[in-house]
Every structure is written in C-alpha cells, then in structure tokens.
Amino acid sequence: MTRLWNDPASFADEMVDGFVLANGRWVRKVAGGVSRTTQSADPEVAVVIGGGSGHYPAFGGLVGPGLAHGAAMGNLFASPSAHQVEGVIRASERGQGVLLSFGNYAGDVLHFGAAQDAVRKDGIDCRTVVVTDDIFSAPPSEKERRRGIAGDLTVFKAAGGAAAAGYGIDEVERVAVAANARTRSMGVAFTGCTLPGADDPLFTVPDGKMAIGLGIHGEPGIDITKIPSADGLAELFVERLLDPTEIPEGATARGGRVVPILNGLGSVKNEELYVVYARIAELLEGAGLTLVDPHVGEFCTSFDMAGVSLTLFWVDDELERLWLAPAETPAFRTGSVDHAGLEAVSVRDDEAAEVELPPSSEESRRAAQVICHALEAMRDLIDSQAAELGRIDAIAGDGDHGIGMRRGTVAAAETAASLVTRGAGAESLLARCGDAWSDRAGGTSGAIWGLILRTLGAHLGDTESTTPASLASGIVAAKTAVMDYGKAKVGDKTMVDALVPFADTLAARLDAGETLADAWRHAAFAAAEAAEATADLLPAMGRARSHGAKSLGTPDPGAVSLALIADRVHAVLVAG
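Per UniProt numbering, residue 1 is the first one in the sequence shown, and the count goes up by one each step.
Any given hint could be a false lead.
Derived lysine to aspartate or glutamate pairs resembling EDC-like cross-links, with alpha carbons at most 20 angstroms apart [as the list claims (entries may be wrong)]: (1) Lys226 x Glu272; (2) Lys226 x Glu239; (3) Lys269 x Glu363; (4) Lys487 x Glu142; (5) Lys29 x Glu328; (6) Lys143 x Glu239; (7) Lys29 x Asp13; (8) Lys226 x Asp207; (9) Lys489 x Asp504; (10) Lys489 x Asp536; (11) Lys143 x Glu249; (12) Lys29 x Asp17; (13) Lys269 x Asp231; (14) Lys489 x Asp435; (15) Lys487 x Glu14; (16) Lys269 x Asp304; (17) Lys29 x Glu343; (18) Lys121 x Asp42; (19) Lys209 x Asp231; (20) Lys209 x Glu235; (21) Lys29 x Glu14.
Listed next, with one range per pair, are the computed distances between beta-carbon atoms [stated by the list, open to error]: (22) Ala535 x Val370: 27 to 37 angstroms; (23) Val370 x Gly95: 38 to 48 angstroms; (24) Asp293 x His339: 54 to 64 angstroms; (25) Arg254 x Ala535: 20 to 30 angstroms; (26) Gly24 x Ala508: 55 to 65 angstroms; (27) Val177 x Lys269: 29 to 39 angstroms; (28) Tyr485 x Ala340: 22 to 32 angstroms; (29) Glu318 x His339: 19 to 29 angstroms; (30) Arg333 x Asp199: 33 to 43 angstroms; (31) Val177 x Ala571: 45 to 55 angstroms.
These aren't lab readings, by the way, just hints derived from the structure by calculation.
Quick caveat: nothing in here was measured; it's all calculated off a predicted structure.
From the three backbone atoms N, C-alpha and C, an ideal C-beta is built for every residue, glycine too.
Work out the full structure, taking the sequences as your base and the hints as a guide.
In structure tokens:
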C-alpha cells in the first residue's frame, strides 16, 4: 500500500512540487504540468506527452533534451484536463508545431483532443499520435482500440529524437506513428495497487495467482493463472509477443532487431527483473532476433503494484537511430547531449490572474446561490458514496470513479462558494465550476461533468432570469453535448444511459405543466431506473469494455452517480 501522504486530495499537487524542486535542471512547473527549463537554439517541434499521475517516470520524468518538451500531469490515475494539456502546450511550443502523444484511454483522448482543438484555433499546428501497445486489451484486428502501457516510452523517444534532429511536424508525426505500429507490450500483476488514503487496493489477485493482461490504472487482468517461475514468466511473455499475429507489418522474427524493455510496475525489485530478463534474452536471440539496447527497470509504474511488463520495439534503421539518439531527462538518459546547443527558457509567470466577472443580474445571482447549494449537496453526497462507487467501478474498470467524483465535486463546490461571494451570475459560476471539476477530477467523468456544467451555464446566462424552461433546455443541450463529445449512446453502459432519460423526462414533464420540483422528481426516478438497468448491459465504451462479461450484473458507476446526484438535487429544489 501507499504509506506516505499528507492530504490524499493534495497528493498529486505536492508530488509535482517535489518533483520540480528535485529536478530543476530539467523541468519547470507550468500550468497543467511541467515543461523543459532549456530549449534548443533553433526552434523545433514540441513533443507534449502526458496522462494521470502515479506512473512515474511516466510522464514528467521523461521531459528533457532529446525526449519530451512538456508533460501534462493529471491527478492520480486520471487524465489531465483539457485546460491542463493546453497550458503545457502553450508553455512548450516554439512555433514549429506540436505533437501530442499519450496512452489510448477515453479520458485522455477526450481531454487532449479538446486541447488540440483549442490551440489549433490560434494557429498552432497540433497533431496527435495515440499509443496502443497493449496486446491483451484488443485483438490484432482491432489494434486501434488497444490501451497504451509501458510501450509509450518508445513512441515518445522516437518522436523526441526526431524533433531534436530537426524534423518538421509532418516527419515527427510519421516517426511516432511508425514507432507505435512497431511496439507491442503485455503485462502481469501479482497484487493490485492502493491509492493514497484508500483502505483497499483497486483490485486484488488471489494468493499464489497472477493476473495476465492488466492495465496500468488498476484495471483487472484478462485472465488469472498460477504464478510461474521467473523462466516461466519469460517464456509466457516471449510466446505471446512473438505470436505471428503480433509481429508488426514489415518486421520478421528471424533476422529482426528489437529493443526489449522489461518494466517493473512498482514493487517488483530490479534483481527479480534481471532474473526474468536473462531468460527473455536467451529466448529472443534463439528466435533469431538481434537485441538492441535492452532496458530493465521502471519506466511506467502503477504506484505499488507488484507487476511486470515486457515491451518489444521492432526497429528499422531510422527508428534504431532515433532510439539511440542522445536524451537527458530526470529518469531516462542515453548518449551525450550537447549542452552547448541549449539555452535557458525565459521564466514566465504561469499563475493566471483572477479574471474579472462579467455583469450579472440580481435574478441570475439568486440562481447562482441555489446552484452553489446544489453543488455543496452533491459534494456531501459523493463523499458518502465514494467507496461504493469505487467498488462498483473496480469490478470491470479501474476502481477510481468514486475518487474522481469526490475530487470533482469538492473542487466545484469550493469554486462556487468563492464565486457567490463575488457576485457571480449563473453562467459564470457554472462555467468556472465546470473547469474546476474537470481540472481536479480529470478522466472521462471529469471531462463530461465539466462539459455538463459549462453547457448548462451557457443556456442560463448571467443577466437573464433562470426559468424551469431554460433549465430544461440547458440540460437537454448538455445531454446532446455529452453524446457528441464522448460518442456514447444509450445501451453502451455509460453515464449516457441515465442522462438521456433524465433530460428527456424533465423536458417532457415541464412541457406537460408540472412544477420544476415535480418534474425533477420524475426525471430523477427515470435516471435511477435506467442506471439500475445498466447491470444487464455489456460495456461498449471506456476501460470496462476490455473486461466484457465481468461487468454483467453490476450497474455502470457513471450512470449510478448521475442518478444519485439527480435525486440529491431534487431535495435542494424542494428545500428552496
């Protein structure tokens, strides 16, 4: 378990502060994460990576000359928000374009995508290459659906090497795509991991057993088997990764060249890894492969998880050259970087000044006060339900839904209380609370709840009177925005299964002449029924999709939390 922490809610922030203080030679703190302290004399394409915290040295530990230019660092096991990613992009880019690269997780895809759209509007040429190296998360015919695990290092390094060599944005993107296409990984775990402040691990493995095909966020494995010997584990890795269906197009086992990366996931010691690697090297060479610059150690961890992954990076001449090119970061160094060709980045104030609030009407300010009360009630509700939401999520997901919802509701309620005292109208309050929720919670739920609040605020305004009709219109618009944004539909076993009946029932009941309180009560009941019915569905979106039937009989945690919130807000409306 994780033993050293102060306030669990502040763990990620305090970790970043300490990391920057310890590694000021390479990184500086910027809005949303870290960026380099030095830059090349000639502007180059910026490689911006990122994801949730808890995976060190991914992602901040890979920022430095020859590798990444910046890393967006989200909360624990939660993707950075779009605002965080955008902050790192703007702190890192130098006019030559930006390549974003990150693991293929729903929250990261949503947040990085939104940040990319935002900076493109300002003329920044921004591209994305998503890492999909985990062979157990989808079949070879659906490689685009695979997760990114420890193989992200090969993609980041190839792209960073290309940028340092002066490649343009088109070529850096091409190299990153090629590196991803030639990277395969698989992992196993002997125990789960425990987040700071949590009483239980995100998942458990029976004593004497090993989970095969686990994710790096606490997602349970695809299969459970007895723990093999070190040689037995090596043989399992090599057998699966050298399956003919997993050898990349254009590569061949006999006469091929691979970079092997044996990665410890948190609490497996290097000495153990070396015992496993001895047999891996023997097997790979016996298959006719040439081993290029092997790496054994920790490259992408999962807090205190006892686990191991093996990555094979099938290189050609160009990819091998870029892999071996000099790089110097807090956690990854190879070759000799020419420091004479680097110059210090001008330090800038990344603390955003308090933005003045727009004018608001008395009616809108009164509505903002009610919204503040609702957000405070949501915070208290989620605090009492976080453990149960986490339990539901752990069955087929990564177990952190309750933690993320707690972070988001606390941030939104704190922001709302501050804004009410400053006289914010409904739109300004909801917009900034949405940003706070998204920034603090991260992940898919953070992105979606931030979108819901911002969309609702846009329909309420700061100067107009908030009416039941405008409220219903805003919630219907939020429903549409969520479905457009995340591409989920009813039946996919997501929050949308509860959001759609809630929004539609509210609008229909108000149209029929019911009071807001009565209409909301019926809508909340419809959401609760729909959330319960998700127990009979198979997931088609998100991390749980990899575990299919494991989620049968258990409702979707996002749908459940929305239904609980709808019911609690009804109590606020009744109380006035």
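Now for the hints, and whether the structure bears them out:
no. : hint                                : result
1   : Lys226 x Glu272                     : holds, 18 angstroms
2   : Lys226 x Glu239                     : holds, 17 angstroms
3   : Lys269 x Glu363                     : violated, 62 angstroms
4   : Lys487 x Glu142                     : holds, 18 angstroms
5   : Lys29 x Glu328                      : holds, 18 angstroms
6   : Lys143 x Glu239                     : holds, 19 angstroms
7   : Lys29 x Asp13                       : holds, 11 angstroms
8   : Lys226 x Asp207                     : holds, 9 angstroms
9   : Lys489 x Asp504                     : holds, 14 angstroms
10  : Lys489 x Asp536                     : holds, 16 angstroms
11  : Lys143 x Glu249                     : holds, 12 angstroms
12  : Lys29 x Asp17                       : holds, 8 angstroms
13  : Lys269 x Asp231                     : holds, 16 angstroms
14  : Lys489 x Asp435                     : violated, 24 angstroms
15  : Lys487 x Glu14                      : violated, 35 angstroms
16  : Lys269 x Asp304                     : holds, 11 angstroms
17  : Lys29 x Glu343                      : holds, 18 angstroms
18  : Lys121 x Asp42                      : violated, 25 angstroms
19  : Lys209 x Asp231                     : holds, 16 angstroms
20  : Lys209 x Glu235                     : holds, 17 angstroms
21  : Lys29 x Glu14                       : holds, 12 angstroms
22  : Ala535 x Val370: 27 to 37 angstroms : holds, 33 angstroms
23  : Val370 x Gly95: 38 to 48 angstroms  : holds, 46 angstroms
24  : Asp293 x His339: 54 to 64 angstroms : violated, 22 angstroms
25  : Arg254 x Ala535: 20 to 30 angstroms : violated, 50 angstroms
26  : Gly24 x Ala508: 55 to 65 angstroms  : holds, 58 angstroms
27  : Val177 x Lys269: 29 to 39 angstroms : holds, 35 angstroms
28  : Tyr485 x Ala340: 22 to 32 angstroms : violated, 47 angstroms
29  : Glu318 x His339: 19 to 29 angstroms : holds, 25 angstroms
30  : Arg333 x Asp199: 33 to 43 angstroms : holds, 38 angstroms
31  : Val177 x Ala571: 45 to 55 angstroms : holds, 51 angstroms
When the structure is compared with the earlier hints, violations turn up for hints 3, 14, 15, 18, 24, 25 and 28 and for no others.
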